[in-house]
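Protein chains in written order, with my numbering: chain A, 1 to 100; chain B, 1001 to 1100; chain C, 2001 to 2100; chain D, 3001 to 3100; chain E, 4001 to 4100; chain F, 5001 to 5100; chain G, 6001 to 6100.
None of these hints come from the bench; they were simulated from the model. Since this is a predicted model, take the numbers as computed values, not measurements. C-beta: ideal position from N, C-alpha, C; glycine also. Only true hints are included.
Computed spacing ranges between beta-carbons, pair by pair:
1. K6073/G x E5053/F: 28 to 36 Å
2. T1060/B x G3055/D: 28 to 36 Å
3. E5019/F x E6085/G: 34 to 42 Å
Partner residues are not named here, just some residues of chain A that face chain B (Cβ under 7 Å, in silico):
4. A5
5. I6
6. R7
7. P8
8. L9
9. T77
10. I79
11. I88
Computed footprint of chain G on chain A; a stretch qualifies when at least three of its residues, placed anywhere within it, have a C-beta under 8 Å from a C-beta of chain G:
12. 58-66
13. 90-98
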Amino acid sequence: MGENAIRPLFDRVLIKREEPKETVKGGIVIPDTAQEKPLEGIVEAVGQGKRNEDGDGFLTPVVKKGDRVLIGKYSGTEIKVLDDEYVIVREDDILAILNR
Amino acid sequence: MGENAIRPLFDRVLIKREEPKETVKGGIVIPDTAQEKPLEGIVEAVGQGKRNEDGDGFLTPVVKKGDRVLIGKYSGTEIKVLDDEYVIVREDDILAILNR
Amino acid sequence: MGENAIRPLFDRVLIKREEPKETVKGGIVIPDTAQEKPLEGIVEAVGQGKRNEDGDGFLTPVVKKGDRVLIGKYSGTEIKVLDDEYVIVREDDILAILNR
Amino acid sequence: MGENAIRPLFDRVLIKREEPKETVKGGIVIPDTAQEKPLEGIVEAVGQGKRNEDGDGFLTPVVKKGDRVLIGKYSGTEIKVLDDEYVIVREDDILAILNR
Amino acid sequence: MGENAIRPLFDRVLIKREEPKETVKGGIVIPDTAQEKPLEGIVEAVGQGKRNEDGDGFLTPVVKKGDRVLIGKYSGTEIKVLDDEYVIVREDDILAILNR
Amino acid sequence: MGENAIRPLFDRVLIKREEPKETVKGGIVIPDTAQEKPLEGIVEAVGQGKRNEDGDGFLTPVVKKGDRVLIGKYSGTEIKVLDDEYVIVREDDILAILNR
Amino acid sequence: MGENAIRPLFDRVLIKREEPKETVKGGIVIPDTAQEKPLEGIVEAVGQGKRNEDGDGFLTPVVKKGDRVLIGKYSGTEIKVLDDEYVIVREDDILAILNR
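Work out the full structure: start from the sequences and follow the hints.
Okay, here's the thing in structure tokens:
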């Protein structure tokens, strides 16, 4: 089973963990002294969105498959498919999208 | 009494616990070091849905009988019918639907 | 005074505790290791329902007198009428209705 | 000053504590092992009701002066007028109305 | 500066503490064993009311200057003007109005 | 940089701390035994107001620059400009406006 | 990768930490005894805004790129790009905008 087979529910997002890439132009480095260390990853799958207040509609998610994102270290639930590490988080736990 | 005789209330879902299947194409493996380990199961019954804000309507659930789902380990209430283990969770505690 | 004399308020439900019946076709068995053990009972009386958001209306309860239900062990308030044990819970604390 | 001189505010209710009456037909007995013991009392005064969401209206209370009610033991604030014990609770803390 | 110079904000109420008056007709006596002891006082000033949900309006307060009220002992903030003790509480922390 | 250069955000208010003035006519004295001691100050700047529920509007603040106010001792964040002490609080943490 | 490559999500704001500048005209000095010490920084990027209640719209943020702001010390998540320290906070955690 590949990671495509995992469809997150509602506002949850499946993220493949990646080591932050330090390039010549610089990269994001998480200081050891940081109180809450964020982590990098690639969005692999996005749920249908959070239910809206009125009825059976859903709030369209903002992040998309392929986005590189920053998340808080203690956000979400870790799973492992083959040798890759994934984490399932709620969209609102994503701190930022990284453009490279 | 079979498990069909259990009708969950509102947004609750009855899930039959299953061991994750590791196949040749790979499977979901929960790392021992994961802070919150998810579990697999098959949806056996779904409630009428959560009450909507305005009145006596219900928000149609997204998961369906037969769906294979991932849930957080400490979600819901465990029950046992004959020799099978079940757990009753709220739909929003389901992390993802697994397509195989 | 019989149990009919107790009218629960709003979304509360009066439930007569019963031991789970194990039948030939099987019954619900609560594992000792379960973190939150559910209990069985029969609905004896139902309140007028929870107030709706707008005004003086009430949200019609879903459970009815005579329903056999599963509730969480630590839900509600226990009372005793004669030799029978009852518990008063909010409707949303009922996990499922059992059809036999 | 009599108890009629106390007008509860909003959704609060003034209740005169009474010992549960055990009659031939049986009475409510609170088991010593109960986690949260309810108490009996007579409603002496009812506030104007909780404010509604929109404006200056109030949600008409359901209980009335003279109702015999069950309340949780640790609900509300105890006061004493002459030799009688009273408790002021919010209406939603009343578990049930007792018909005798 | 007198107490008239203190204008409470929003749904706050300025209350001058008074010892409960025990009269021939009886008075409110707070039992020492009460878990949460209420206190008596006279309303000296009332705020403009709590903001309503929609906009810049305020919900007209129910209590008025001169009302004798019961409040929970641990409600609000104590201040002292000259030799008099006052407490500033939110209106919803007032348990009841006392008519004498 | 003077204190005028600090523009509080949303419903926050910048307050310059002042010692309570005890005058012949009396002043507010905070008793040492008070559980939550309030403090005096002068409003120096007010934010645009809290966001309303519907959209991009703001709820006009009630306090104005120059108002002498009472606030709870542990409310807000302390800052120091030159030798003056300031505190930034949310408007709802202001207990009362003092007229002198 | 420069800091421009980081796009905060929803109501989050990317802030580059700066030491408070003490000038001849005075500066903001955080007292060591302050319970919650605020920090200075420059807004580098702003998210699309918080979702509104009704649907897929967003509440336009108030702060803009280039604003010098005060934030609480323990707000948000710290990240480091090259040798610069950044913090990602929700807009409502920004205490004030500083005009120089």
